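Given chain F's structure and the hints, the job is docking chains P and R onto it.
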Amino acid sequence: MIIELGHFALILALAVAMLQAGLSLAGAARRDLNLMTAGRLAALAQFALIALAFATLVHAYFISDFSVANVAENSSTAKPLLYKLTSVWGNHEGSMVLWVLILALYGAAVAWFGDAMPPRLCARVLGVMALISLGFLLFILLTSNPFLRLSPAPENGMGLNPILQDPGLAFHPPFLYLGYVGNAVAFAFAVAALIDGRVDAAWARWVRPWTLASWCCLTLGIAMGSWWAYYTLGWGGWWFWDPVENASLMPWLAGTALVHSAIVVERRDTLKSWTILLAILTFSLSLVGTFLVRSGVLTSVHAFALDPRRGVFILVLLFIAIGGSLALYAWRAPALEPGGVFAPISREGALLLNNLILASCCATVFIGTLYPLFLDAIGGPKLSVGYPFFDRTFVPLMIPLLIAIGIGPLLAWKRGDFLGALQRLWAAFAAVIVAMLIAFYLSHGGPVLSVLGIGLAAWMGIAALVEFADRLHLFRAPWAEVLRRALAQPRASYGMTLAHFGLAVTVAGIAASGFQQQRIALVHLGEALPVAGYTLRFDGIGKHEGMNYTADRAEFTLLSGQRVVAQLAPERRFFPLQQQTVSKTAIHTNFLADFYLALGDPDGKGGWAVRAYWKPLVPFIWIGGVIMAFGGAVSLSDRRWRVGVAARRVAKTALPASRSRA
Amino acid sequence: MIRALAAAAILVGLVHVAFAVEPSEMLSNPTLEARAEAIGRQLRCLVCQNESIEDSGADLAHDLRVLIRERLKAGDTDAQAVKYVVDRYGDFVLLKPPVEPATYVLWFSPFAILAIGAAGAWLYLRRRPVPPDEPLDLNQRRKLERLLLDDQ
Amino acid sequence: MTGRRLLYLLPLVGFLALAAYFLRGLAPGYDPQVLPSALIDKPAPNFTLAGFKGGAPLSNADFAGELVLVNFFASWCVPCRAESPVLMDLARRNVVQLYGIDYKDKPEDAAKFLQTFGDPYRRIGVDETGRTAINFGVYGVPETYAIDRAGRIRWRHVGPLSEQVVRTEIMPLLKQLGAS
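Residue numbers (our numbering), protein chains in the order written: chain F, 1 to 662; chain P, 1 to 152; chain R, 1 to 180.
Only chain F is shown next, with the shape it has when bound in the complex (with noise of 0.2 Å):
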């Protein structure tokens, strides 16, 4: 009965999507403020609904009521809580309804906050989100329904894939939808921006918060993702330039480039039909994304190739969507005022470089990416793309830019002063010599380009620390007026420091790769593997009964010397349920380096292959990436952001009944 109410409340919200837009376009077009209040409620009873029904999903689940088609499909009894939970978005259908969740949550929210707003501008972005949704709803209901019903239930579920059994699966996917998601109000704006045929400064600053909200989580959602590969894969791969990782990819970097043009708008007003046209790309990267790679035309994942209406019904969407966003581009960008105008040496020529380098980098993987089936349509030969094309194409682009990414900030507007900014940097210099001769001394002369990518990352790291002390007059004023200027720097200052730092620590876990060293051995019981200059003894091996699976456990002490460092004890897994047998590795990590450990196959005479790495800086990947997240939190953070926090003020004394109706 409870999933008929989910079902029933998707429908609802189906119908709600339909007034939602007909409202807030109307209401915005008839500069009716009464429509207008009306489709924002619309937009909080959406996600109410919705997320009710998400809730009977998730309680389906919970309970593992086999009766439910999808329920049955994807989870089974003996397994743990998280995991029965994070089965709900384990699969395609599940993953769609979090996916219109998450869009009405952004929905909501825009609602919420749109008092801030001109309430024309809340109404088209409402309208237009409210059309996204009725379509991915549609879509839902008539092709991917989950709430579907099977008869007779059957005893067990079909589980859920051993790989995806992992805390990992609770936080990925929601943080990669949330950014993937969030690109959809960025592109709402743009779409309102062009139906009213003006963008400006403020249009800059309402877009901003949401820009930098669905950053940060795509940031993140990426991140977690490559650590997730990184620690189940078993030989510490983090990244393999595969479409679905690419996919992810895309809108990242165009979302990147969408956060450094905005702030172009808002503090010059120009670039802004390029800043239009990068939020509706960047969303439909997002799209293309979340469903032309799992749609079966790039790979043949099953969830599409069993059901090709599915296929075409995205392909009718993302035509609309995309088609018909970028058609109305080309019929209103070109009346849009062009604005300010700056020399090529300045700040917003930096900005412009990074989105010049950004857009060519997100070219390149949607090139990389597609190219293979584009020869194959056109009957040419069958090509793999793989990582050592991404090596010589994007990584060149991206130089440049990791270089221009210290000198930026500290050009000034409109005109800056390129050698001044070099001559500020002088300490930067000094710590890529000192950093590339360390990295040369502690690895023996280890691969030049490792050696070379720490002093990138060094210059960067040092750069974006040597401009933030710029600003607060470090080593130039008295402490106490340090301190004044420490705590009257906004918060976006704090943040783009926060954000190019990281970055800097990304790529030093990244540049430190070719350091690593790993030793493939069979070892028996009682055996020391000498590894990177410690020592993994070889203590046992047991069995060990998890929840769903049976495991062989072996128990290795990692010594330095006499010292012992930690007790490994890596898994191999075997899943009776689905026949399969998944590695569970043991990484003992200081954060400075990770020591990582997975046990193969037994050879039957009592020796156990493994495989030990040590890879130094190799944390600093994800620490990087947690970093840029934090940066941007903060950045968005910033009240200034929180634009007419007076005009707010007044619109509640002027419009009270919104707000309590709300």
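In case anyone wonders, no lab produced these hints; they're calculated from the structure.
Model, not experiment: these values are computed from the prediction.
There could be a bad hint or two in this list.
With a cut-off of at most 27 Å between alpha-carbon atoms, the simulated DSS-like pairs for lysine-lysine come out as follows [said to hold, decoys possible]:
1) R:Lys53 x P:Lys83
2) P:Lys83 x P:Lys96
3) P:Lys96 x R:Lys42
4) F:Lys605 x R:Lys104
5) P:Lys96 x P:Lys73
6) P:Lys73 x P:Lys83
7) R:Lys53 x R:Lys106
8) F:Lys605 x F:Lys543
9) R:Lys175 x R:Lys53
10) P:Lys143 x F:Lys414
11) F:Lys584 x F:Lys605
12) R:Lys53 x R:Lys104
13) F:Lys382 x F:Lys414
14) R:Lys106 x F:Lys605
15) P:Lys83 x R:Lys106
16) F:Lys382 x R:Lys42
17) R:Lys104 x P:Lys73
18) R:Lys42 x R:Lys104
19) F:Lys382 x P:Lys83
20) P:Lys96 x F:Lys382
21) R:Lys112 x R:Lys53
Computed far set for chain F versus chain R, every beta-carbon distance over 12 Å [as the list claims (entries may be wrong)]:
22) Leu35
23) Asp376
24) Arg424
25) Val482
Every residue gets a Cβ at the ideal spot worked out from N, C-alpha and C, and that includes glycine.
Same frame as chain F, but now just chains P and R:
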């Protein structure tokens, strides 16, 4: 990645633990082994998503790793060993697509796009020149910049 | 001014081109993961495999001058079960000689498999190491190859055969090759 992995696992029905190079496969001659690993990293595991055979736990990847090591021991050059696999599976096994007319667009468009974008930006900036400021002396300029910085 | 307007049209045009080609990707029966064989129209690799259950060994010389289908299968392969009725039907209709290559299998498992699902093959070779399969460019069982009278590979199918594949691909192919 994980989703891709899961899909691949379903696809080939991996009964085996996902585990790449195994000790039993490795050659005792470290130079040969290093060469074999380098070759293996260039070859795609056919049943996986963009994973090299060196990193894949799939059965076929294992067979190909052993095969490459045999070829090298038999005296093949790196290119010959790669060709041996390409002759059987086609260019698809190469993670690095060959540079040939069919892939010119793939290989050169990243840089072409940057170049075109840069040219476009250059034209945009040139068409709308910044009006010359009153020349400031160095001190004034420093001061002004600082003010602008603080403002941001 | 119109030049500038055209510039703004560019993203839309690019998108439409992309959409057209995605549409192609959704065409029924199109599976991007199916690889064409690198050996089409090339001589089939030479092999000599141990016979199945003490039977005579199988080598490509055995079907020289004949038009044959070679089917790679294994008892542990689930899709192979799905295609076995199709193969049995082909064998019953006796339209083409069917040879089996048992890929990386235990003989007793394979025997059980053939007992349960039927044995459509004229003769079976055992590819214990999977090396013959690699020489054919097999990347997943089941795979089926058509080899013409001159010993060249003319066609390859990846995955289980279906009635539809027999009707739309194998029969026309046999007709064409039989006529020539």
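Okay, the hints, checked on the actual structure:
1. R:Lys53 x P:Lys83: violated (35 Å)
2. P:Lys83 x P:Lys96: Distance of about 14 Å is within 27 Å: holds.
3. P:Lys96 x R:Lys42: holds (25 Å)
4. F:Lys605 x R:Lys104: holds (22 Å)
5. P:Lys96 x P:Lys73: holds (24 Å)
6. P:Lys73 x P:Lys83: holds (16 Å)
7. R:Lys53 x R:Lys106: holds (11 Å)
8. F:Lys605 x F:Lys543: Holds, at about 17 Å.
9. R:Lys175 x R:Lys53: Violated, at about 34 Å.
10. P:Lys143 x F:Lys414: Given pair Lys143 of chain P, Lys414 of chain F holds - Cα atoms ~15 Å apart, limit 27 Å.
11. F:Lys584 x F:Lys605: holds (22 Å)
12. R:Lys53 x R:Lys104: holds (14 Å)
13. F:Lys382 x F:Lys414: violated (49 Å)
14. R:Lys106 x F:Lys605: This hinted pair holds, its Cα atoms lying about 21 Å apart.
15. P:Lys83 x R:Lys106: violated (31 Å)
16. F:Lys382 x R:Lys42: holds (18 Å)
17. R:Lys104 x P:Lys73: Judged against 27 Å, a Cα distance of about 24 Å means the pair holds.
18. R:Lys42 x R:Lys104: Holds, at about 25 Å.
19. F:Lys382 x P:Lys83: holds (16 Å)
20. P:Lys96 x F:Lys382: Status holds; Cα separation ~12 Å.
21. R:Lys112 x R:Lys53: At roughly 12 Å apart (the allowed maximum being 27 Å), Lys53 of chain R and Lys112 of chain R satisfy the hint.
22. Leu35: Holds, since 31 Å exceeds 12 Å.
23. Asp376: It is violated; Asp376 of chain F is separated from chain R by about 7 Å at its closest Cβ, not greater than 12 Å.
24. Arg424: At about 38 Å from chain R, Arg424 of chain F clears the 12 Å cut-off, so the statement holds.
25. Val482: holds (47 Å)
When each numbered hint is compared with the structure, violations occur for hints 1, 9, 13, 15, 23.
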